[in-house]
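A.B. asks: If you want the building blocks of each chain, they are given just below.
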Amino acid sequence: MAEQPYGLIARFESPGALYRAAERVRDAGYKRWDCLSPMPIHGLDNAMGVKRSIVPRFSLAGGITGFCTGMSMIWYMNAFDYKLTVGGKPLFSPLFAFPISYELTILFTAIATICGMFFLNGLTKLYHPVLKYENIGRATDDGFFIVIEASDPGYRAAETRAFLVGAGGLDVTELEA
Amino acid sequence: MSDPGEQAFAAPAILREVNPAVLPRPALVANNRDFAWITNKICGIVEGGTPAWWWWCFGVACFIASFTVAGITYVVSTGVGVWGHRTPVNWSWPIVDFVFWIGIGHAGTLISAILCLLRQKWRTSINRSAEAMTIFAVVCAGIFPVFHVGRVWYAWFLFPIPTYNGIWPQFRSPLEWDVFAVSTYGTVSVLFWYVGMIPDLATLRDRFGAAGRVIRARIYGFFAMGWRGSARAWSNYEMAYLILAGIATPLVLSVHTIVSFDFAVSLIPGWHTTIFPPYFVAGAIFSGFGMVLTLMLPLRALYRLEDLITQYHIDCICKITLATGTMVGYAYAIEFFIAWYGANPYEGFTFINRAFGPYAWAYWIMITCNVITPQLFWFKAVRRNTTFVWVLSIFVNVGMWFERFVIICTSLARDFLPSSWGYLSPTVVDIFTFFGTFGVFSVLFLLFIRFLPLMAMAEIKAVTPQADPHSGGSHSHG
Chain W
1 MAEQPYGLIA
11 RFESPGALYR
21 AAERVRDAGY
31 KRWDCLSPMP
41 IHGLDNAMGV
51 KRSIVPRFSL
61 AGGITGFCTG
71 MSMIWYMNAF
81 DYKLTVGGKP
91 LFSPLFAFPI
101 SYELTILFTA
111 IATICGMFFL
121 NGLTKLYHPV
131 LKYENIGRAT
141 DDGFFIVIEA
151 SDPGYRAAET
161 RAFLVGAGGL
171 DVTELEA
Chain X
1001 MSDPGEQAFA
1011 APAILREVNP
1021 AVLPRPALVA
1031 NNRDFAWITN
1041 KICGIVEGGT
1051 PAWWWWCFGV
1061 ACFIASFTVA
1071 GITYVVSTGV
1081 GVWGHRTPVN
1091 WSWPIVDFVF
1101 WIGIGHAGTL
1111 ISAILCLLRQ
1121 KWRTSINRSA
1131 EAMTIFAVVC
1141 AGIFPVFHVG
1151 RVWYAWFLFP
1161 IPTYNGIWPQ
1171 FRSPLEWDVF
1181 AVSTYGTVSV
1191 LFWYVGMIPD
1201 LATLRDRFGA
1211 AGRVIRARIY
1221 GFFAMGWRGS
1231 ARAWSNYEMA
1241 YLILAGIATP
1251 LVLSVHTIVS
1261 FDFAVSLIPG
1271 WHTTIFPPYF
1281 VAGAIFSGFG
1291 MVLTLMLPLR
1301 ALYRLEDLIT
1311 QYHIDCICKI
1321 TLATGTMVGY
1331 AYAIEFFIAW
1341 YGANPYEGFT
1351 FINRAFGPYA
1361 WAYWIMITCN
1371 VITPQLFWFK
1381 AVRRNTTFVW
1391 VLSIFVNVGM
1401 WFERFVIICT
1411 SLARDFLPSS
1421 WGYLSPTVVD
1431 IFTFFGTFGV
1441 FSVLFLLFIR
1451 FLPLMAMAEI
1461 KAVTPQADPH
1471 SGGSHSHG
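Just so you know, the protein sequences line up as chains W and X, in that order.
So that you can map any letter, position 59 of the first sequence is 59 in our numbering, and since no number is skipped, the others follow by simple counting.
Every number in our numbering is 1000 more than the matching position in the second sequence, counting from 1.
If we strip away everything but chain X, and leave its shape as in the complex, we get (with noise of 0.2 Å):
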């Protein structure tokens, strides 16, 4: 940083005799690329002819969302007996999937918000798509537990709505919190979105409208809000974005604490633990920076983005990736440990039968993928090889659903009385429901990289060094 004070502090005269070694920070946009060259690469995405393969991924997309529209459709026509939830188990799959796709959207908030308060500036060239990722991830995690409540028509009883009869929401119940957090969650993510793609737009406006394309700057122009990059609309602009992120903070931290809640506070073995929101929020972080990974690979690669999305972005996500696992890691071993000294034997049971009971093999899959595989990430080697981060970015994801099938099922199929015991088996519908919601995530994601500026251009060039006004354009940044 080069605040004009700075220069007046003298180095330390000891600096000078242990004479430390200068460690560069890495660009930020590789190959010293100027205003113009940024602002051509992301535009062009959005201005240029849509390429086949959009179209080819467009189609297998809305296929797959298909599977997730004729699910709801049979449940909502039959009732939520063609979903395999059974006593003891009436929390499954849709819950399972409700809070792996919440939790994928935490790390599209952890980028723009706290990595915005920590000053990470890597997260530049990010943030935008892993908001994106966010908006869309809260839109599928909210099908199901809105389906869940079985009579859809009756959905609206969640939130305070003065009726005839009355009758006012129960507060008491984390469920409840739980409507508050995630819509809350879904509103400021999208407010936060549109409020960083302002600058943005304007961009698209100015390009369309010197393009002659009126109609696409009218429409860019309407959402741009007359912004014209005005220095006092700057100022206020950034100290709201400062505010937003700082707020957004608490925000992504209490979305997944809550949702832990609505486990944590019942009295389910193997639930009713004070570790639930800790853990539950680093696994959303890695859950939600796997997904990062698996959608920004192959969107650099597709879109020839590598002077933006630097190896070195790469590196960072895969360490936050490597630290989150590894958080979530020492957290089961706290699970059994605590298991054990609380000297509780339905929580001993429970844990015990996660390992080695019915559920083991599920158990043993959400362990490998989840305290295994990012143990890989120490290694230069396995970060630089794209391909192979990829695939494990994979396995995070199949991890992360799993550990949700293993809280949720494994301690409501074993819990106190052996008469009540149960085995859960999905159903076709539960498995094609689920499956569609990746193509109703894909179809969103790839009309936003179709239609909006798929990075914060504005936020680009104000990393890079050029846009330092006291360097000369020479001196690093960062």
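Chain W extracted, bound-state conformation (with noise of 0.2 Å):
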């Protein structure tokens, strides 16, 4: 085993024993720890400490610049670049660019609400030390764990390891770093 471990993961029978747990952790001041769960659990964040999240800030960001695009590429295209004249029509009209504002305020915000939640969470990172434990299986399957770093102020092996199985965490585990 290494020398510094990465932290303990504890395993929870239901749902219900993990959500009380993480109220005791949050409880006991640890910062640098995570539940994990095959499924979102209702009222988790609140019970764990966790703000609400701050994808909405991606998402409106998407939808005004996809807004702008829409509206000003219409306009360079159609009035400004190469003047299209079509059935006396004026050459830029905010009514007729509005669909595919519209159409274009949708894709950005879809695709910055989706780049956003994957920077806040940072997928894409393949590789974790949890997924080397031997039972991380279950956390996608029927598993409930809490897992308390190493590099948390709080931690202290032994007693970590005991607030731990206090709270009622099962199987409780060191995991390398």
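To be clear, the hints were calculated from the coordinates, so they are not data collected in a lab.
Keep in mind that the hints are not guaranteed to be accurate.
Keeping only pairs whose Cα atoms sit at most 27 Å apart, straight-line, the calculated DSSO-like set for lysine-lysine is [claimed, not checked]:
1) W:51 <-> X:1041
2) W:132 <-> X:1041
3) W:31 <-> W:89
Reference listing, derived: stretches of chain X covered by chain W, where coverage requires no fewer than 3 residues with Cβ under 8 Å from a Cβ of chain W [claimed, not checked]:
4) 1024-1038
5) 1178-1187
6) 1195-1203
7) 1210-1222
8) 1225-1231
9) 1246-1256
10) 1457-1470
Backbone N, C-alpha and C fix where the C-beta goes; we use that ideal spot for every residue, glycine too.
Assembly of the complex is requested from the two constituent chains, each provided in isolation within its own frame, with the hints serving as guidance.
C.D. replies: Pasting the structure below:
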């Protein structure tokens, strides 16, 4: 085993047990820790003290960019760069530019939301120390886990282990870094 | 729902006096299955051997798809003259087929987005396959306008790509709006589908890894992007999913609206009406739910998914089909009313001509399939007979194809001047190319059910009673 482990992982029997343990870990003042579960658990972010997700900021930025892109693209292409007169209609009007700007708003919002979510979650990192744990497969099946990282200021190997056992944790295991 | 704060509110005193009946919500997963059973059931489909029926279906689907390949090859090598459209009916089968397929897709987005916002939890067991249906339907739809441009090697002119000749697309045209609407729809549908699948791909990665099937584990692992079910990740993920649902809702409504603008913005009698956008959207959802039933019922029987797609799910789908079918029927009636009330002789003639003119046969097929068929879903006995529901769903599909045929072809065949009237007869190329797209669709759908988790496992688990952290696994959750 490496000198500095990644942290401790404990398994819980049910979403309810995980929820109650998460409240205890939050109240014990741990900062660098996480819950793993096969599905989202209603209210768990409150139990963990996780703040509301900031993904909507990315979405808003994407949406505004999309709308402005649509409007300015159509103005540039049909009224500025190559003036296209069709049916005596104005060279530019926000009305005929609206449907495309609307679609681009949605397209850019979707892309920004997903990229923002990937960025915040650190996805596309295909490797994580937790994935080395032999029972980690249950976290995407029917297992509920809490991981407390060794880098947490409150982490003390023996005490944290006793704390997790006391909170109802089963099979408490040290994770390699 | 059981928010922690909710228990704080005492029930009003009146409730104790009137003693209202408790209506239990039907279980979304029958037989009280646990999490591991759900995982095993759905992953087992991907992990197990390929069933014999799959190979038979795949072979037949490939054969049917070859009709589209042959039809398209012939069109490209010869010219669009091999299709049946002639002046005055210059939009015919390919555009009918395009609108038909794009409409089918709408049910998938409705299930995944609108029902998500409305917290209809029964959507969880059908949303994945319905979204797959959306994407494959958009693929089939996209074939037609691309080849309908005539010289397919110039199809890129549709997009604003800077070129040396400096000409940009004409953005006043609804056809150009359609390019953006459909390509945005396709892109966002794929993204939504993929994001929804990430947790389930992680499940497959872990299971293939544990089984020692390294190559499969690597491939699923690559697309799972290192997902491990972290609660902090779930928090962002759920927010992102909610926003995607929130923007896919106006998207799905706008796509068929813009498709209807292709017609409504023109001046042809029978097309130039303001009722088109809502009418097209209702019709699209109606046809899409018909297709959902056509696909889900055999799938449920073949893979023994009765515990996950319960009678309650079928009831819900049938009721939405009934509701949207009734809206479509109402739109048909209102079109007639406005044609009379608007006092425009051309408009009035168009509608009389639709019902009693040379295309009356198509009109009455449409009315029978779209207005009368769904009314049978009022009856519980009908909804409980899955074979009969499946047959009715085929009628819905047929009816909605004819709806587009009636709208597009009858209006063009009889426009303003009798000297320019005509009658459309499709050629064998038209028929084979369209027939083949069912093969293209089936090939894609069969590959999907073979290699990807066909139900959203994480979402199904989240709507089971035992997923509620406050329930102790006993109280009903819906």
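A.B. asks: For each hint, tell me whether it holds in the structure or not.
C.D. replies: The hints, checked one at a time:
For the proposed pair residue 51 (chain W) and residue 1041 (chain X), the alpha carbon gap of about 35 Å is over 27 Å, so the pair is violated. Taking the CA atoms of residue 132 (chain W) and residue 1041 (chain X), the gap is about 26 Å. The hint holds against a cut of 27 Å. Taking the CA atoms of residue 31 (chain W) and residue 89 (chain W), the gap is about 62 Å. The hint is violated against a cut of 27 Å. Counting residues of the stretch 1024-1038 of chain X whose beta carbon lies closer than 8 Å to any beta carbon of chain W gives 3, which meets the minimum of three for the stated coverage.
Look at the stretch 1178-1187 of chain X against chain W: 4 of its residues bring a Cβ nearer than 8 Å to a Cβ of that chain, three or more, so the hint holds. Interface restraint, the stretch 1195-1203 of chain X with chain W: holds (5 residues with C-beta to C-beta distance below 8 Å; minimum three). Remark: the stretch 1210-1222 of chain X is confirmed as covered by chain W, as 3 of its residues place a Cβ nearer than 8 Å to a Cβ of that chain, reaching the required three. Chain W is given as covering the stretch 1225-1231 of chain X, and this holds because 7 residues of the stretch bring a CB closer than 8 Å to a CB of that chain, at least three being needed.
Counting residues of the stretch 1246-1256 of chain X whose CB falls under 8 Å from any CB of chain W gives 5; the rule of at least 3 is met. Check on the stretch 1457-1470 of chain X: 10 of its residues sit with their Cβ under 8 Å from a Cβ of chain W, so the three-residue criterion for coverage holds.
When each numbered hint is compared with the structure, violations occur for hints 1 and 3.
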